[in-house]
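Novice: Sequence:
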Amino acid sequence: MGILTALVLVVIIIAIISTLLLAGKGDEKYGSSTKRNTTNLTLIYAIFIPLLFIALGIFIVFFT
Numbered sequence: 001m002g003i004l005t006a007l008v009l010v011v012i013i014i015a016i017i018s019t020l021l022l023a024g025k026g027d028e029k030y031g032s033s034t035k036r037n038t039t040n041l042t043l044i045y046a047i048f049i050p051l052l053f054i055a056l057g058i059f060i061v062f063f064t
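Residue numbers (my numbering): 1 to 64.
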């Protein structure tokens, strides 16, 4: 259980650092490409939410 906790903390730290590095870069064309951005975000959520639920189910079945 300690290894899983450490792994989660490492992933969280990497996510925070990546977010902060990307936040410094602005995109001047962001407002004009709203439709494309919305489509991309929808696809990302449509792919990752089911994967996260599957991973959660595997975790619950095998590690609890």
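Hint data in this document are derived by calculation from the structure and do not stem from the laboratory.
Don't take each hint at face value.
Pair ranges (Cβ atoms, derived) [claimed, not checked]:
#, residue 1, residue 2, range
1, 62, 25, 20 to 28 Å
2, 47, 14, 17 to 25 Å
3, 42, 22, 17 to 25 Å
4, 57, 16, 24 to 32 Å
5, 53, 9, 19 to 27 Å
6, 64, 44, 23 to 31 Å
7, 61, 35, 37 to 45 Å
Fair warning: this is a prediction, and the values are worked out from it, not measured in the lab.
By construction, the Cβ of each residue, glycine as well, lies at the ideal position given by its N, Cα and C atoms.
Novice: Next step is simple, just say for each hint if it's right about the structure.
Specialist: Structure-based check of all given hints:
1. Take residue 62 and residue 25: their Cβ atoms lie about 39 Å apart, and the range 20 to 28 Å is violated.
2. Take residue 47 and residue 14: their Cβ atoms lie about 20 Å apart, and the range 17 to 25 Å holds.
3. At about 20 Å, the CB distance of residue 42 to residue 22 agrees with the hint of 17 to 25 Å.
4. Take residue 57 and residue 16: their Cβ atoms lie about 26 Å apart, and the range 24 to 32 Å holds.
5. For the hinted restraint 19 to 27 Å between residue 53 and residue 9, the CB-CB distance of approximately 22 Å keeps it satisfied.
6. With their beta carbons about 28 Å apart, residue 64 and residue 44 fall inside the hinted range of 23 to 31 Å.
7. About 40 Å separates the C-beta atoms of residue 61 and residue 35, a value consistent with the hinted range of 37 to 45 Å.
In this structure, only the earlier hint numbered 1 is contradicted, and the remaining ones agree with it.
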